[in-house]
Every structure is written in C-alpha cells, then in structure tokens.
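With chain A's structure known, arrange chains C, Y and V with the ligands on it following the hints.
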Amino acid sequence: MREVVIAGVGLHPCGRFGDKPYVDMGREAVAAALKDAGIAWSEVQAAYCARMYLPATSGARILKTLGMTGIPIADVEAACASGAVALSQAYMAIASGFYDVVLAFGVEKMPRGFMDPSAIYEDWQIRMGLAVNPMYWAIAAKRHMADYGATALQMAKVSVKNHKNARTNPYAMYRREVSVEEVLSSRMVCDPITLLMVCAPNEGAAAAIVCSAEFARKHSARPVQVAACVPRTSLYPWFRAPAAYVSARPNPPSVTTRAAREAYEMAGIGPQDLDLVELQDTDACSEIIASEELGLCPVGEGGRLVDEGISEIGGRLPINPSGGLLSNGEPIGASHLRQIAETVWQLRGEAGERQVEGARVGLCHVVGAGGNAAVTILKR
Amino acid sequence: MREVVIAGVGLHPCGRFGDKPYVDMGREAVAAALKDAGIAWSEVQAAYCARMYLPATSGARILKTLGMTGIPIADVEAACASGAVALSQAYMAIASGFYDVVLAFGVEKMPRGFMDPSAIYEDWQIRMGLAVNPMYWAIAAKRHMADYGATALQMAKVSVKNHKNARTNPYAMYRREVSVEEVLSSRMVCDPITLLMVCAPNEGAAAAIVCSAEFARKHSARPVQVAACVPRTSLYPWFRAPAAYVSARPNPPSVTTRAAREAYEMAGIGPQDLDLVELQDTDACSEIIASEELGLCPVGEGGRLVDEGISEIGGRLPINPSGGLLSNGEPIGASHLRQIAETVWQLRGEAGERQVEGARVGLCHVVGAGGNAAVTILKR
Amino acid sequence: MTDAAETANVHSKKRVPIKEGFLTTPLSDLREAKLQGSRCASCGEVFLGIQHGCQSCGATGMETVVLSNRGKLYSYTVLRNRPPGNYMGPDPFVPFAVGLIELPEGIRVISPLTHCNLDSLHVNMDVELALDRLYEDEEGSEVIAFSFRPE
Amino acid sequence: MTDAAETANVHSKKRVPIKEGFLTTPLSDLREAKLQGSRCASCGEVFLGIQHGCQSCGATGMETVVLSNRGKLYSYTVLRNRPPGNYMGPDPFVPFAVGLIELPEGIRVISPLTHCNLDSLHVNMDVELALDRLYEDEEGSEVIAFSFRPE
Ligand SMILES: [Zn+2]
Ligand SMILES: [Zn+2]
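Chains as they are written, first to last, in the working numbering: chain A, 4 to 383; chain C, 4 to 383; chain Y, 17 to 167; chain V, 17 to 167.
Derived from the structure by calculation, the hints contain no laboratory data.
Computed cross-link-like contacts, DSSO-like style, restricted to lysine-lysine with a CA-CA straight-line distance of at most 27 Å:
#	chain 1	residue 1	chain 2	residue 2
1	V	Lys-35	A	Lys-23
2	C	Lys-23	Y	Lys-30
3	A	Lys-38	A	Lys-23
4	V	Lys-30	A	Lys-23
5	Y	Lys-50	C	Lys-23
6	Y	Lys-35	C	Lys-23
7	V	Lys-50	A	Lys-23
8	Y	Lys-50	Y	Lys-88
Bound-form chain A, shown alone (with noise of 0.2 Å):
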C-alpha cells in the first residue's frame, strides 16, 4: 500500500447561515483546500461528500458549480463519523493506487429549528420523549460519577478550556471565554447537562485533498501524512441515540476504543506518542468518557486531565484545540473533517494562538447515532 497524504485543508465556518445555500458553503470549503494543497480541480479524480440532512446527490450538486468533470461523486453517510467514511474511502483509493488525488469533503445545513428526530429515533420513541439526544449523554454521565467520581466541576471545566481554546479560532461558532460559574449556572438540559455543557448540531462545510505521497511532492509544500483512518460500527450493546435498551452484562470494549486501539497499531503510535487529540464532545462529560476510551488515561480518570491542566494547550496533551464541538457545533457531515483541517494546521504550525508548540502527532475522533465511531491518527 501506498503513503497517503492531505495536500490541503478548506474551512467554510461553523455556525448558522441563514438562507446560504449548502452548495455555496461546500464550494467555498472545497475551493479554500484545492488552494491549500496547489491543486486544481480538474486534477482530482473521485470525491465523497459526507452529509446527513442534505438532500440526495449533495455532492455532484456542490461541485457542478466548480466544473462538471466527470469523476465519480458519491455521497456517503454515517451519523458522527460521515466525514471519516469519505476520508476512509479516499485513504482505501489513494493507498491502493486506484487513484492519485482524491477530494473527501462534508457539509451539513440543518433544517431550520432543531433536528428531525425520525432521522434517528422511531415513532414510539419521540411520542414518549426519549428522542432527547443529550438524554444520553446526560444518563452516561450520571453513571460515570457515580462510578468513578468525575463531577459537574470538572465538566465545567472542560466547557471553559474548550471555549478558551476557540477564542482565535476565526472558523468556531463560540468565540467567547467562559467561567466555570457561568456553565454551572446556565440552563440546566440534562441533569447534569447545562447549556453551555453542550453542543449545538450546526451548519458548516470542510475539505481535505487526500492524495498519494508521491503526487503531493510535486505539488504541495507541507503534506500531513494520514497515519490510520478507522471508521468502526459498535458491538453489542450500543449505549447512545437512539439505544432502547443495553446489555446489564459486562460490556465489550466501546467501539470508541476498538477503533482507537485499530488506528494505533494501523499507525504504530500510541497514546503516548500523541501531541493533541479533537476528540467528539457532544457535551462536556463526553470528553472525559472518551479520554478514557481512547486510552488517553486509564478508566475513571478523564476528570483528571482537565483538572491537572493536561488537556489544555500548554499541557502534557492538549484535548479540542480547536475549541471542539462545543464550541464549533457540529455540522454533521463536515465534524470530522473539520478536526482534520484543525490537525492539520497544527502540525503544519499554522493554528496561530492555538499552537501546540511543536505538534508532529494528532488524533482526531468522532462517535454517535447508528454506533457509528472513526479514529483518524495524522503525523508529519
């Protein structure tokens, strides 16, 4: 197999955009990573567009307006980790040889007001009112305190790092500081979920130009090399939207952890070997679950990393950059993409304030409906 590399990484912002239409948004991230990597469209042989409330053949309609030049456009869809499906598949075409250059790009508008829950949940579910996704993450918590003692104050803390880190970051939905008083007085969601605990599905578009070692030589000044990329379904039992029920028998490892534990032997890097992590926090508790999972520290013990000062920018192993999804949302088809763009700049030394100093390792991660989950490890 082939070294396959990202030549170049485009953003359209996180947030909410009114009447833009996606196909404006997906242009501009697609367009910004063909800049990025010095390559021009007519170059690039495949494309996958991850997207989950768009409508059908959301790719070809974002990329006509570049030039209709005949490759073949397929969308791909896997709640959370869509955007690490399109990676993935750009990773098998690169590394095979089938292809030299491969666009991998997500892009999510949502409909206006909050999600529709049948995309996920079945009729009996929303008319009892369980199709409350942060119902989940809440209950998840609940049980991770009463197990191992990770408290609201730790939560808040991830909240106020996260929200720190994105500050200048010019492509965050949340741009503001926040106290740890703030997020354990704002509205309380999910016991012991507040508002500023979690994160907002949003509207937002990224791109990465997957292609060989080889190519990107001739063409790109600061190729980032993809390690490993493993998008994993969960075994049974599956705790998350839209789960009716689970197991009470010891569980097998998450998928969180099966597909980290993939990437590191795929990548042969460690946990240790890691200079920051974008990890999926959907809420707050959700990073220091899957801190955990992602064998980050031993189990129990993600409330210390944030306590100790580990996970922030600065620290041992700066944890969401970037600012994480609670404060860039998530734009479900571009999430993970997005993380990539962010990694990438890192170890390109290129996140201007939000340097990690020296970064030549990250690992990017995403979970959710479906007991879909994805590990992405890239290194230069």
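Positioned in the frame of chain A, the structure of chains C, Y and V with the ligands alone reads:
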C-alpha cells in the same frame, strides 16, 4: 489488483409492501445473499448500504438485526447509481486487498404516495410544475423521434418485451403480459410516453457478497467475476432531472457512453462480446437511447433492436431479460444491485424460463439524477 | 398519564402497546401486564420486544421472555425542555426524569420515570413498572406506554 | 397566468423573479424584462441565472448576459398529470406543455409553453418569451415566472 467476484446474491421482491419495515426487507435480501454465497455473516468485513429516501444509518440499523459484528458500515448515495457506488467501493476494497469479503447492498422504501420532489428539484422548479421526472424522458424521446425516426410503436414494443420477460421473474412488480395496443392506449403521461411505457419508483432490496477470487474458491460453488464497475458523473451538459438548461453546442459523450467505454476498456470486453444487458429503462424510449449510448448499436438505430427481435430473450443480444425497470420498478438504492442479481443468475444458468442460453458476459447500466451513471460488467 | 387510567380495571376501549411486542397481553388489566422481550437461545442475551435475530451473537433462535416489573435505577437524568417532534406528554411541558432501568433478566431499559419526586432519585434505587395510557390513536384505541416509578 | 397580469403596465405590488437572477430588472414592465444568464469568459458557455463558476470548463470569470426573447422549440412534451409538491398552476389541473427552448446565445432552457394550442406544437417552431405573475408570496410580492409561447 486482485480478481474480484460475487459469491452470492439475494433479492427482496420489488413492489409496494405497505407497513413492512425497510429493516426487514434489507435483512431478508442480505440473508439470502449470504446463504447463496455459503458465507457466514461473521465473515463479512465491511458493508456499504445504498439508499436514497431512507433515513440516516439505514445500513447499520438493518445489519444490527443480523448481529452487531463491529465492522465499518457506510450508507452511500448517488441517485439511481447508488447501488453501483456500493458495489464499486466493495470492488475497490477487495481488489486492493484491504478486505476479503464485503457486503454491497441496497434498500429502498418510498414514502407513501409520490416521491418528495424537493429531494431532487429546487423550489422554483416545483412551483413552475417542472419537477416531473417523465417530462425529461419525454422531451428526450420527442427529439429522438425527430432526429432519428424512433417511433411510439417501437417504444410500445420495448414495453411489451420487458413485461413479457418479467412474467416468470418472481421478484418483478408487474408480471402480466401486455399488448402493443394496450401500451399505446394506456393513459398518456407525457407525450409520447404512456403509463405502460414508464417505470414506477417503488420498494425493494438487493444484496451481493463481494469477495476475492481466492476466498470464493473456498466457499462459493459458482462465483461470477466483476470485470468492471464504473460509476461516473456527467460532463456539462446533463439533460435529465433536475436540469434547468443545457448547452446548445455539440455535446460531449454522454455519461452513459463514457462509463461504458471505461468499463469495456477495464474489462477488455466490447459490446460485441455481451450475452445480455440490464439497462435503465425508466421509460421505453430510454431503453432505445441507452442501447445506442452503450454502443450496442449505432446511434439512431436503437429502435431496430426491438423491431428485429435482437433484444428479446432468444435474440442476438437480450436486453432486460429480468423485465427491466418497466416491470420491476425502480427501488432506487436497490436498483443496480437488482440488475446484478439477475445477471449473476443468468451467468450461472439459474434464470429459469427467462434464461439467456449460454450467457457468459453481462452488462448492467443505471443512470439518473445528479448526472450519475454506472456500468458494471460481469462474466463467468 | 393519569392515575384514573392506570387503575381502571373496566374499560371499553381497545388497548394497544406503544410498540408492537413490547408488552404482554391482554392489556385489560394494566396491573397484570408486563414488559416483554426476546432471549437468544444461543448466548442468552435478552432484548426488549420482538427480535428476529440476536444483535449480540447473530443467532436466529429467539424465545419470548416476560420481563420482571421490578428493577434498579442504573442511571437517570431529568429532561428540562420539551422533547422534539410528536411528544405526547403534558402540554404545557412538565420536566420529567428518564432512567436506565436494570432488570434481573440482564437487560437495562430506557424508560421515563413517573410518579416520583425529581429530587429524590438516586442511582441504584428500586423501581417498578407502571403502565399507563399515553394517548388515543386514530382508530380510537388507547395506546399504552411504559414507565417506572420508585417502589 | 392571466393576460390581465401580463399586460398590466401599472402595478402597485412589488415583483420578484421566480428565482433570483433569472430575470432582468426592473420588472415593472413585463414586456421589457428578459431572461438573464451568465457567460463564461473563458469558454463562452452560457448558463441560466447567476453562476459562480463555469460548469463546463471550471473557470470563474462569468459575465452577465441578457438572453434573447425569441428561440426555437428544440423538443417538448405535454404534462397530463398534476406535477407533485407545491405546483402553483391552475387548480383544477389543466394539462400544459413544457419545451426545451433553444436560444441564439447557445443555451437550451426548459420552460413551460403557454398561450398555445397543445396540438399545434412541433419541433423547431418559433417561440417567444412570456413573463407572468405565477403567485403572490408571503410578503405580498408578485412572483414572476417565465414561459414561452408560439410567435
Ligand atoms: Zn445471541
Ligand atoms: Zn467555461
């Protein structure tokens, strides 16, 4: 690259199935394909689920009922070519050696009543009454008549042939023979297209177990080789739903023609080598035009294939021995894989009364919204 | 959900479960009906409702099993905002708790918690099943939903 | 679409095109307004409406171009059933023709055919633009749609 084969196929019938959940339809097709292949679900290493109108993570929701084995599962979509995207991803994964056994399947279950036009069309097109798929086929047909003398009688004969072929296809939606007079006098939809000349979007599921030739040798008695699988998008212009305008300049080769040429080259097989073709007869004239675009006859002579009995079972080159979309309808995500299943059975000599004698090479073709088309060539 | 509906032994309306297969029948006496599930004959894993196959081991031999109406609160939260979509609970909205209930059959079920004081909930507390009419469907049948409440 | 609306020179209501960028402005006199498109400065391809880039060659330099109001009927059909969704035409439904109109600028546009006898249509016939009020939007503006009719 390694040789890629289909070790087994399975179908859920095409039609309308009321409240039957898509999860059950999909599971039944997948279970049939596994049984046909003699391969256990636990041996499958990755899965691609093609679907257009179903909700997020449909693939994972269907496959968890077979047991959550933790493999990567992605939903893929490219309008009418969705199934070909699933198959081509499986092909790439096997050919490159990433995996030995991959499931490519497709499922569709339409919402009750008509398809939601906003999945394809823009608001202004819907308001002006332009969001009508058969309109595009009819406008193409009318011009083909003016340019080359194609006739409504030829179109009626195509419909008669395909309905006749479907008589003994247990998976077809319509299995009743019709007469030329019946076709011509059926309700006019869009001149010159009558109701019996047009296919219906409907429901169904289809699955193929794709694996390396080496793996198949140990499991499957009758593997069929995937000689080419080529999904492509159109160059500008693209005249088919939801196009609003096209160029009046001389047009480049159509996406069907380009996909076919690439498939022929990849397979080392020409149109003269084909023993049967399953192609996208969304309407009767589309069969005539696609025959020309696929190089089955010179441009303008597609009508002769049916006039002279060439495209009948027993003719020199049977087209749509399954009954085509006219008899099976178009369960969009499943449609290409339904063609694949039919062709696998034909190449194995298992197609019963509709068997094409001695068939060794078959071509499957789809084309639709977003400028997507695909050509797959199978051989034994 | 009202106490009146819960305690009514005699009723004239047809009753249907919120999801086919989730409850034992008949539903004429809601104090007698229970949650129903499927047990894998191969690995023993227990699931809620009717299952065609085992999500854990993939086996297809499944036995119907009646679930205990007493369990322990494995974890919980309180929903402070009206759930989206076609939520059938009280209007105007009243915050309510949702728990993950561990049953002796080896399954944990997500369920609303009713008839309880939101402030007195705690992990591992004993809870019991409560079946109540949630709404009336288009055919005029009473749709019966499940919840748990402190014992 | 009514002749009254078409011939109204004086109007008090705001008028907006069915799609932003499809028509020249102002829309005060519908006999003067025309279809509007974009021409690629690089390859010369012409598109309907505002384009950010050329779908044919990918260049980004696009010039606005006013499209001729006379063209030829390249092909057509007649819609015999009510279109799905939010179709704004007459209710009850009246069958109408749709054509692919070839304009001298090198573009063919899909357009309803109005003010015509459905039986007298033929390929290559001369047609001309007709702009009419299709409906009134939520803000009370007249929404102007395009069609072509026999010259
Ligand atoms: Zn089992
Ligand atoms: Zn151009």
